[in-house]
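Same order as they appear, the protein sequences are chains A and B.
FYI, the numbering for the first sequence is 28 to 426, going by the numbering used here.
FYI, the numbering for the second sequence is 28 to 426, going by the numbering used here.
Simulated from the structure, these hints should not be mistaken for lab results.
Note that the structure is predicted; figures quoted are calculated from it, not measured.
Hints may be right or wrong, so weigh each one.
It does not matter which identical chain is used: a pair holds within one copy or between any two.
Claimed, not checked - List of simulated lysine to any residue pairs, SDA-like, C-alpha gap at most 20 Å:
no., residue 1, residue 2
1, Lys-389, Val-404
2, Lys-30, Thr-163
3, Lys-108, His-241
4, Lys-221, Ile-31
5, Lys-30, Met-283
6, Lys-209, Ile-187
7, Lys-84, Lys-185
8, Lys-317, Pro-48
9, Lys-408, Pro-189
10, Lys-221, Phe-315
11, Lys-280, Arg-364
12, Lys-30, Gly-140
13, Lys-30, Glu-252
14, Lys-84, Ser-358
2 protein chains.
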Amino acid sequence: MPKISQKGITMPASPIRKLVPFSDEAKKKGRKVYHLNIGQPDIETPKVALDAIHHYKEDVVAYSHSAGNITYREKMIGYYKKQNINITANDIIVTTGASEAIMFAMQACLNPGDEIIIPEPFYANYIGFAVPAGVTITPIPSSIESGFALPPVAEFEKVITPNTKAIMICNPNNPTGYLYSKDELMILRDLALKYDLYLFADEVYREFCYDGIHHFSVMELAGLENNVVLFDSVSKRYSACGFRIGCVISKNKELMATIMKFAQARLSPPSFGQVAAEAALDTPEEYFSKVLEEYTQRRNVIVSSINNMKGCLCPNPKGAFYAVARLPIDSSDRFCRWLLEDFEYENETVMMAPASGFYSTKGSGENEVRISYVLKVEDLKRAMFLLEQALKVYPGRTI
Amino acid sequence: MPKISQKGITMPASPIRKLVPFSDEAKKKGRKVYHLNIGQPDIETPKVALDAIHHYKEDVVAYSHSAGNITYREKMIGYYKKQNINITANDIIVTTGASEAIMFAMQACLNPGDEIIIPEPFYANYIGFAVPAGVTITPIPSSIESGFALPPVAEFEKVITPNTKAIMICNPNNPTGYLYSKDELMILRDLALKYDLYLFADEVYREFCYDGIHHFSVMELAGLENNVVLFDSVSKRYSACGFRIGCVISKNKELMATIMKFAQARLSPPSFGQVAAEAALDTPEEYFSKVLEEYTQRRNVIVSSINNMKGCLCPNPKGAFYAVARLPIDSSDRFCRWLLEDFEYENETVMMAPASGFYSTKGSGENEVRISYVLKVEDLKRAMFLLEQALKVYPGRTI
């Protein structure tokens, strides 16, 4: 029997999905599970997007341009202009989700053995994109005490080597919900220029910024045009995860020509998704204001509930729809599994993602969980009540 | 300015698309271009599939299961059973086109520096999947004189090294249209077992077999269950290239568990495409018999026309909708470009793909072109007439 590759062995299983068999088991027992573990919003996809699908006109569902339909790319220019991002259609390559955008950039920018610095905790699947490219992720710690703010410059400089080729951020952040400020991004700009690094930015949660705070994009950083690579997606913006439509954006023409070769090899991004995403650009403003209001309420429920539980800490995230909370537990892996296997209160329980899966430093995040607030307020309140009850009886409670 | 990666530099531009700027230029001059260069069928997508999209029911377009919707995977079992392929839903992982299926397998099965043997000419994008994985493609020649039949075992054994991990075929073949026989596949089976190799098979043109010949799948090879990896796609079967739905199939459980980790990293295949592909499984048999009849006629036009031109040779392909023809020309790259830039007959011309792009051995295929017969019979006849006129006046004609 032929062997599996080394990358295949190294490739991590998704920390978000590895508990799924246990939640399936719990459901089989008739238990209700509140899912706070996944980034799948419950918000409805905008009607304009679904209408475009219902009225899909082509008789032959053909390949699109490898860079995506030109009508879609041109229409996106207006969307980005509103975000103070000035680009042309040639600066955009439409991808199959932000996932593919990140994979393209890793392959086009970094050699096997090259390093990319990412503040941790970070979106676990970045490892899943680094492994195929043979790239090493060098984590630097951000701390729950600072609300997961950007680590000091010294922390970056400590780990920069001749193999360091990029810094990557997710802003607003998954899993912490932290929203990087303009000042923090200016620090990254100076670092990227000083060491001639790419600055990769995953801004798929751009629309989810709370408390009136404005999102500042890496694309707004002057003088960094050749270094910045932006990853975007319609998945969260329009609650359209299944479209599988994202894009990679850069002003670096040599890089975009290179990424185009990878894009041509896989032929084209999904055609139906592109039609829906193009139509979604006409989503009325009220959609977003309602969503923002809803998520703000949800966040408030999570943050206040957890901070009211004894021995717990949850910073107040300014963006995305995640929070990382510290709990008085011995191991988040054990705790989250215990919640599904052994705990129930009135035949209900909660599913969360162990934050350890979002750290690449072994042993980090052991007493932290990631909570996605993608349920309605009433359900979140109930889930928080269940969490409180669970913490009272968890055998591995530390304080 | 940060550097492009070595893989980014090595990555080949698509040989099918590199002439597009010249055809665009020709069209700007008001010239009609007959496109024989691409694998985009003109056949209509089945109505059942488009209806499923028009009646798409979900309000939230969510991620699907990373392996694809279970309803779709279960329904596929029946389709494969009819092809004499006996599998379960767990043997299938739905992918974003066959492209992603091939990428997953390259990453999961081969280490950087490992080698994969492929008879050439071969589908050019295989290089585009090998480069990101750091894998080397070792070509062995198949010849136009034998109609591009499987090279003799000795040719395989000549190039097998300790780094050889797989043999790959495309059956029916793109670009040659050659249909491998059961006997040829048995030879590959013995080779794979003798050297403990994976056997990768791209069977996306399975439905396109002519002259009453039955397609024999690698999945039917007894005793090779742990070695065989099948790549499939709905793109050609249902003229549904834009769905971006394919799959990877294997009975090797360790391999499928490994591929699943790559599948989880990119979250899920496109949701709309899956719904349409699932519905397409109900496409009535008449659809395929009509398509087959149409393509048989088209093939006959191409093959007989070219073999009637002086100094030309075109084997009679038994499958797919491509043919590789030998023409009396100095360079297929120059000829195909000249057709677009300098030639016209009654303000019309022809676009074909230089076959050199389908060989990885430098200098091979210089007097060969790939022709996709994806136009109506009348248009193909006209295109063949134009080709004949062009050959009469081409300055680089050799005989």
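Results for each hint:
1. Lys-389 <-> Val-404: Answer is neither; intra-copy 34 Å and inter-copy 64 Å both fail.
2. Lys-30 <-> Thr-163: Result: close only across copies, 17 Å inter versus 23 Å intra.
3. Lys-108 <-> His-241: Classified as within; 15 Å inside a copy, 56 Å across copies.
4. Lys-221 <-> Ile-31: The answer is between: 18 Å across copies meets 20 Å, while 41 Å in one copy does not.
5. Lys-30 <-> Met-283: between (36 Å within a copy, 12 Å between copies)
6. Lys-209 <-> Ile-187: neither (23 Å within a copy, 56 Å between copies)
7. Lys-84 <-> Lys-185: Classified as neither: same-chain Cα gap 56 Å, cross-chain 53 Å, threshold 20 Å.
8. Lys-317 <-> Pro-48: neither (34 Å within a copy, 46 Å between copies)
9. Lys-408 <-> Pro-189: This pair counts as neither: shortest intra-copy Cα distance 49 Å, inter-copy 60 Å.
10. Lys-221 <-> Phe-315: So Lys-221 and Phe-315 fail the 20 Å test inside a copy (38 Å) and across (61 Å) alike.
11. Lys-280 <-> Arg-364: neither (47 Å within a copy, 25 Å between copies)
12. Lys-30 <-> Gly-140: between (23 Å within a copy, 15 Å between copies)
13. Lys-30 <-> Glu-252: between (43 Å within a copy, 14 Å between copies)
14. Lys-84 <-> Ser-358: For Lys-84 and Ser-358, neither the intra-copy (53 Å) nor the inter-copy (41 Å) Cα distance is at most 20 Å.
In summary, the numbered hints that this structure violates are 1, 6, 7, 8, 9, 10, 11 and 14.
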